[in-house]
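There are 2 protein chains.
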Amino acid sequence: LHLLPYITFCLLTGGKSLLLSPCLVDQSELSYLERDVLTSRMQMVEKENQQLRGNYAEERGNNSDCSHRSMVEKCELIHVACVCAGHNTSRDVITLVKSILFHRKNPLHFHFITDAVAHKILAPLFQSWLVPSLQVSFYDADNLKPEVAWVPNKHYSGIYGLMKLTLTKALPTDLAKVIVLDTDITFATDIAELWAVFRKFSDKQAIGLVENQSDWYLGNLWKNHKPWPALGRGFNTGVILLLLDRLRRIDWEQMWRLTAERELMSMLSTSLADQDIFNAVIKQNPFLVHQLPCFWNVQLSDHTRSEQCYTEVSDLKVIHWNSPKKLRVKNKHVEFFRNLYLTFLEYDGNLLRRELFGCPSQPSSESLRLQSALEELDEDDQCYEFRRERITVHRVHLYFLQYEYTPTEDDADVTLVAQLSMDRLQMLEAICKHWEGPISLALYMSDAEAQQFLRYGQASEVLKNRKNVGYHVVYKEGQFYPVNLLRNIALRHVNTPYVFLADVDFLPMYGLYSYLRKSITQLDMSHTKKALVVPAFETLRYRLSFPKSKAELLSMLDMGTLYTFRYHVWTKGHAPTNYAKWRTATTPYKVEWECDFEPYVVVRRDCPEYDQRFVGFGWNKVSHIIELDAQEYDLVILPNAFMIHMPHAPSFDISKFRSSSSYRYCLSMLKEEFHQDLSRKYGAAALKYLTAERNI
Amino acid sequence: LHLLPYITFCLLTGGKSLLLSPCLVDQSELSYLERDVLTSRMQMVEKENQQLRGNYAEERGNNSDCSHRSMVEKCELIHVACVCAGHNTSRDVITLVKSILFHRKNPLHFHFITDAVAHKILAPLFQSWLVPSLQVSFYDADNLKPEVAWVPNKHYSGIYGLMKLTLTKALPTDLAKVIVLDTDITFATDIAELWAVFRKFSDKQAIGLVENQSDWYLGNLWKNHKPWPALGRGFNTGVILLLLDRLRRIDWEQMWRLTAERELMSMLSTSLADQDIFNAVIKQNPFLVHQLPCFWNVQLSDHTRSEQCYTEVSDLKVIHWNSPKKLRVKNKHVEFFRNLYLTFLEYDGNLLRRELFGCPSQPSSESLRLQSALEELDEDDQCYEFRRERITVHRVHLYFLQYEYTPTEDDADVTLVAQLSMDRLQMLEAICKHWEGPISLALYMSDAEAQQFLRYGQASEVLKNRKNVGYHVVYKEGQFYPVNLLRNIALRHVNTPYVFLADVDFLPMYGLYSYLRKSITQLDMSHTKKALVVPAFETLRYRLSFPKSKAELLSMLDMGTLYTFRYHVWTKGHAPTNYAKWRTATTPYKVEWECDFEPYVVVRRDCPEYDQRFVGFGWNKVSHIIELDAQEYDLVILPNAFMIHMPHAPSFDISKFRSSSSYRYCLSMLKEEFHQDLSRKYGAAALKYLTAERNI
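One line per chain: the protein sequences are B and F, in this order.
According to the numbering used here, the first sequence is numbered sequentially starting from 160.
According to the numbering used here, the second sequence is numbered sequentially starting from 160.
The hints are simulated quantities; they were obtained by calculation from the structure and are not laboratory data.
For every residue, glycine included, the Cβ atom is placed at its ideal position computed from N, Cα and C.
Treat the hints with care, since some could be wrong.
As the list claims (entries may be wrong) - Subject to a maximum C-alpha distance of 20 Å in a straight line, what follows is the list of computed SDA-like cross-link-like pairs (lysine to any residue):
hint, chain 1, residue 1, chain 2, residue 2
1, B, K233, F, Q467
2, B, K709, B, A734
3, B, K592, B, S704
4, F, K677, F, T746
5, F, K592, B, S819
6, F, K635, B, Y615
7, F, K626, F, R250
8, F, K677, F, A734
9, B, K635, F, E494
10, B, K233, F, E466
11, B, K592, F, S819
12, F, K626, F, S673
13, B, K635, F, E544
14, B, K707, B, Y669
15, B, K731, F, R702
16, B, K626, B, Y615
17, B, K635, F, N498
18, F, K279, F, E466
19, F, K233, B, E466
20, B, K635, F, F495
21, B, K623, F, S819
22, F, K635, B, F516
23, B, K233, B, F516
24, F, K635, F, E544
25, B, K233, F, E420
26, B, K830, B, W729
27, F, K635, B, Q611
28, F, K313, F, E420
29, B, K677, B, S708
30, B, K688, B, R764
31, F, K688, F, P747
32, F, K623, B, S819
33, B, K635, F, L501
To be verified - Residues of chain B placed beyond 10 Å of chain F at every Cβ, according to the derived structure:
hint, residue
34, R250
35, L289
36, K328
37, Q413
38, E494
39, D540
40, K623
Start from the sequences and build out the full structure, keeping to the hints where you can.
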């Protein structure tokens with residue numbers, strides 16, 4: 160029985176001087192003793208540890224990361240596990256992932272225990288991220304719930320807070336070790352250094368942990384404060400090295416269950432979720448724990464002793480934002496930590512799509528496909544940038560903000576679909592006021608802009624009270640605004656049977672949502688192929704008093720306060736709507752397709768997608784309407800629906816188009832190719848579109 | 160005489176195994192020998208070196224940075240020197256500086272050898288950056304020109320390319336050593352590691368260099384290619400460790416001069432500037448050089464052998480973009496390097512304003528002032544954010560793009576002054592078409608947006624042909640758009656005697672520039688205190704056919720195509736202009752100040768500055784006009800001048816103002832304080848402004 164930790168020394172020649180200094184604390188086999196005895200002895204241990212931490216810090220300050228790094232094999236695969244549930248945590252975990260990827264030099268395998276929401280967000284995110292030498296696995300938290308649901312837990316993390324206890328069962332049985340991280344962690348160093356610490360575990364140790372930096376487990380925070388049992392200050396479970404195979408061998412599952420059951424007889428519930436149970440098990444089986452130096456989990460809650468840790472070292476490894484206040488926590492050095500966090504929060508995730516040096520990765524089939532598509536392109540082609548765009552994979556973060564949707568009973572629910580970038584953000588509130596139904600939006604943004612949008616969305620009274628808006632962030636890349644890719648992403652993530660394919664600079668008339676649902680039912684949309692057209696108007700004035708009815712709209716048209724859409728510049732786009740007929744129409748009427756028609760339509764959500772070759776300005780909607788017509792959709796004008804285009808400064812893409820002959824040339828090339836594809840797909844019938852265009 | 164390098168070993172215990180491996184190549188004293196003899200022996204050395212590089216790389220791959228880091232004292236001050244001239248290089252060097260600051264843990268002192276342009280840009284940039292533990296010194300390159308002007312140089316860097324030769328003279332005599340860097344360098348590691356290499360210099364070594372990774376000095380690139388003499392492949396001078404005191408002792412100045420003079424008899428000129436001369440000196444005095452491992456200067460020009468370097472190591476330290484193609488260089492791993500570069504290019508420089516851990520800095524007087532101002536603020540004050548803004552120091556990059564200005568002979572030249580953020584960028588071309596005179600713009604942007612703007616400015620035919628536009632980037636920070644700070648920055652950096660204080664969403668009438676210059680002379684502006692008012696109009700239409708004359712403008716007013724500015728919402732702002740009188744006026748007329756008057760005026764550039772307490776929306780121009788009136792400026796309306804406001808979507812700041820009662824409350828607080836300050840400054844006379852406001 161060794162009570163005091165023994166010390167291994169490492170010999171280092173730093174130039175000429177010979178340093179002899181302690182390397183790491185190893186705590187060896189401790190048999191079970193009564194609590195009272197242990198407590199007093201642990202105080203000794205703690206004191207000793209404090210001294211060691213000082214020494215260690217000194218050594219690390221001088222010596223950076225040589226000892227750890229040297230113990231990781233080049234290209235060794237590192238495993239990381241995280242429990243992740245809900246929209247907000249799925250956003251937070253990305254910052255952790257970025258901070259790990261930024262510093263890493265090894266292949267990584269992330270294991271995510273997720274609820275349905277987190278899986279819906281993270282799976283497509285990683286799929287579109289295309290980070291080489293990165294594997295991602297998902298495990299359904301629902302399957303694990305029975306394992307922990309019986310433990311009453313008062314912590315805000317709820318049942319997910321307990322799931323780290325189940326990892327020996329949840330993760331593949333052949334996975335021997337894993338680093339387990341909370342989502343509110345930021346790495347300031349290469350995770351391989353932490354991985355290397357596994358090799359320092361003694362024969363019996365199975366759990367690597369940093370001491371708790373708050374006084375919680377000392378039980379003296381307030382009168383009658385009675386925490387779960389722990390060794391001294393206890394340990395924090397935000398960062399865990401888990402030696403899974405050893406834990407499985409000693410039947411960890413049984414071990415934590417029995418401990419939890421026994422303690423719950425007196426404690427009634429956990430306060431700090433898994434952490435209480437980990438600490439209770441360790442108190443009973445101290446030999447299990449391998450204590451990590453404090454800098455592997457610098458805990459930034461209020462009133463912590465973390466400052467004692469980080470003022471000792473010049474190099475911090477891992478920051479843990481474990482206060483409910485998160486970034487607003489008061490702390491002398493909080494500015495430093497916040498800057499580190501903000502660095503990764505706003506870091507362009509596309510920059511992490513880089514190959515590792517000297518670790519050949521097995522390229523995914525997706526990246527092979529891209530590679531060969533890229534090689535087929537001719538860099539000297541005048542339209543190279545356009546063609547390049549078509550094979551660009553944009554990183555996508557679906558459901559960026561909280562989202563809830565309950566299907567309606569009428570089976571005729573309809574989602575407004577649109578796309579935008581930062582410069583149209585101010586339209587969102589207005590659209591929400593005009594359309595109470597579900598909305599699916601694709602937002603084209605940089606990582607930094609997404610954070611600006613988040614702040615905007617959380618501050619806006621209008622937006623934060625609407626849960627039925629799906630915000631899908633598509634990260635910026637390349638030269639052009641990928642309008643049709645954005646439309647398709649918004650379209651694919653619709654949860655209603657019908658969609659209203661709109662644009663973000665239009666305001667629907669008040670009541671359009673319920674009128675469309677009625678029309679969908681009346682026109683038997685579910686059994687027929689129809690595209691219902693919402694006639695489009697425009698105003699050139701910012702301060703428009705929005706018409707309350709068709710009658711009011713008509714009189715504003717007569718007064719010249721409103722125009723039919725693009726009346727001044729591009730009449731053809733909406734001419735087939737037949738505005739003259741619409742003025743007096745009281746029932747829906749069918750119209751024929753004509754060249755360059757680009758109305759806003761309501762269709763079943765199984766409609767054809769937009770053609771993504773059209774980027775920036777030009778032909779992006781026209782091509783879609785052609786495809787609808789080719790698939791024999793009836794174009795039906797709604798007599799009592801309208802939408803109004805609100806004025807805005809011209810987009811950059813339009814200016815580009817107007818000024819560049821090369822842009823126009825490439826657009827015509829794309830059109831040509833589109834027509835060829837149409838003929839291949841729809842045969843001779845599709846010739847009519849080409850003929851129509853040539854006749855202009 | 161040692162010809163072969165000797166090897167120092169370092170002993171490392173990585174866990175249990177004992178590693179014995181070479182640490183670093185030291186080349187010791189080499190007396191002068193005939194070239195032919197040397198060449199063959201150097202080939203041996205080179206071969207040996209190659210082997211060593213391999214070994215070294217292996218060791219480094221395993222062992223990261225322990226040996227170097229251990230040799231730098233905590234908080235040791237590190238000196239870095241750069242030669243920097245012109246607008247473009249002043250932009251480039253910032254990316255280098257960011258990459259160094261990002262990784263550093265030590266105090267730094269930058270020594271910049273600058274021309275007038277670079278000094279004008281970098282001095283205020285660092286002054287406003289407020290990075291703790293960072294000293295910056297400037298040395299006038301003009302004073303050094305005589306030292307090198309006699310050397311004919313064909314390299315694109317021109318005379319500045321030779322200035323690294325003069326550093327023993329240029330830098331303070333008590334500066335013992337310095338790291339010298341080209342501006343096209345990116346650091347991927349802590350610069351202290353490089354600094355530590357100084358301690359490995361043997362007794363005679365004075366210059367640390369990485370071998371050249373191109374074949375240039377082998378002289379076999381093309382027929383009759385005759386490079387300057389060099390040892391083997393020669394050395395690259397993009398990264399130099401310069402032991403200044405030793406060089407001074409051996410009379411480096413004399414040494415390089417004599418070598419250059421002798422070689423120039425046959426070579427006529429240098430091709431690679433200082434690098435040719437460094438190599439010629441080293442060829443004669445090989446004992447001077449301490450060869451650095453290749454990863455301290457990975458040279459990314461085409462056809463280099465740099466790949467041999469970086470595929471050996473998992474860790475790269477310094478990237479050198481030494482191809483004229485810069486980022487477009489072809490290279491298998493260019494994606495990796497580009498991402499590293501882009502990381503710092505777009506990195507938010509404000510995040511680098513953090514204290515070093517454990518290295519107490521002597522705070523500057525500026526930062527002490529800020530600290531105490533900050534402490535005086537009450538965080539619970541409802542208007543805390545407004546008051547906080549007033550003491551925020553925004554980082555400023557003046558003359559972000561190329562700028563040239565030649566004063567006119569009439570002494571009546573006038574600069575258009577305005578400010579904007581990204582969402583108004585599209586106005587710039589139009590303004591340039593309407594105003595051919597000088598323009599001074601403050602642009603409120605993030606680091607990433609500044610790069611977008613750079614691409615835009617370099618692509619626009621209109622903008623890139625205009626050299627008389629000063630673009631001053633003010634980096635974003637805080638909640639509000641600091642409109643008056645921006646105006647003041649644009650105003651301060653005007654090089655003409657007069658300014659036209661405009662807004663970016665207005666287009667001046669064609670010919671306004673020459674009309675203003677005439678009026679300035681006619682109205683004797685240099686001897687009188689006058690503010691000439693340019694009457695303001697507005698259109699609500701994007702596609703305005705801009706009026707060519709006052710007559711045309713008047714008829715458009717009558718037709719309702721144009722309005723007087725803010726006719727619909729805020730008539731008071733321009734009422735005193737007296738538009739009715741203006742219609743028929745043919746000579747300038749004086750008007751009296753009235754409450755809330757906010758005309759656009761032409762004044763001498765020594766006019767009062769804008770009051771920076773007003774941020775976001777509200778009272779930012781009104782307060783300035785009050786101050787002009789308080790200083791007894793005559794307000795004179797110009798009968799044949801006009802400007803027209805172009806429509807745009809409302810700014811976020813306006814929406815904030817409209818929706819927030821707290822915003823309105825704080826604005827009224829600020830107004831109150833402004834009035835108090837006015838009374839203090841101008842006495843009882845200033846009461847009229849308060850009275851006028853209370854009477855509304």
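Going through the hints against the structure:
1. K233(B) to Q467(F): holds (18 Å)
2. K709(B) to A734(B): Status holds; Cα separation ~19 Å.
3. K592(B) to S704(B): Within the cut-off at roughly 14 Å; holds.
4. K677(F) to T746(F): Within the cut-off at roughly 13 Å; holds.
5. K592(F) to S819(B): holds (18 Å)
6. K635(F) to Y615(B): holds (17 Å)
7. K626(F) to R250(F): Distance ~17 Å between K626(F) and R250(F) Cα, so the pair holds.
8. K677(F) to A734(F): Outside the cut-off at roughly 26 Å; violated.
9. K635(B) to E494(F): Holds, because 17 Å separates the two Cα atoms, which is no more than 20 Å.
10. K233(B) to E466(F): holds (19 Å)
11. K592(B) to S819(F): Holds, at roughly 18 Å.
12. K626(F) to S673(F): holds (18 Å)
13. K635(B) to E544(F): violated (31 Å)
14. K707(B) to Y669(B): Given pair K707(B), Y669(B) holds - Cα atoms ~7 Å apart, limit 20 Å.
15. K731(B) to R702(F): holds (19 Å)
16. K626(B) to Y615(B): holds (15 Å)
17. K635(B) to N498(F): This hinted pair holds, its Cα atoms lying about 15 Å apart.
18. K279(F) to E466(F): Since the Cα atoms of K279(F) and E466(F) sit roughly 39 Å apart, the hinted pair is violated (cutoff 20 Å).
19. K233(F) to E466(B): holds (19 Å)
20. K635(B) to F495(F): holds (19 Å)
21. K623(B) to S819(F): Holds, at roughly 17 Å.
22. K635(F) to F516(B): Measuring from Cα to Cα gives roughly 35 Å; hence the hint is violated.
23. K233(B) to F516(B): The hint holds at about 10 Å.
24. K635(F) to E544(F): Answer holds: K635(F) to E544(F) is near 15 Å, not above 20 Å.
25. K233(B) to E420(F): violated (51 Å)
26. K830(B) to W729(B): Between K830(B) and W729(B) the Cα gap is close to 18 Å, so the pair holds against 20 Å.
27. K635(F) to Q611(B): holds (13 Å)
28. K313(F) to E420(F): holds (16 Å)
29. K677(B) to S708(B): With a Cα-Cα distance of about 17 Å, the restraint between K677(B) and S708(B) holds, given a limit of 20 Å.
30. K688(B) to R764(B): holds (11 Å)
31. K688(F) to P747(F): holds (15 Å)
32. K623(F) to S819(B): holds (16 Å)
33. K635(B) to L501(F): holds (14 Å)
34. R250: holds (19 Å)
35. L289: holds (12 Å)
36. K328: holds (32 Å)
37. Q413: The assertion about Q413(B) holds, with a minimum of 33 Å to chain F.
38. E494: Nearest chain F Cβ is 6 Å from E494(B), so the label is violated.
39. D540: At about 17 Å from chain F, D540(B) clears the 10 Å cut-off, so the statement holds.
40. K623: K623(B) clear of chain F: closest Cβ-Cβ about 14 Å, beyond 10 Å.
Hint violations for this structure: numbers 8, 13, 18, 22, 25, 38, all remaining hints satisfied.
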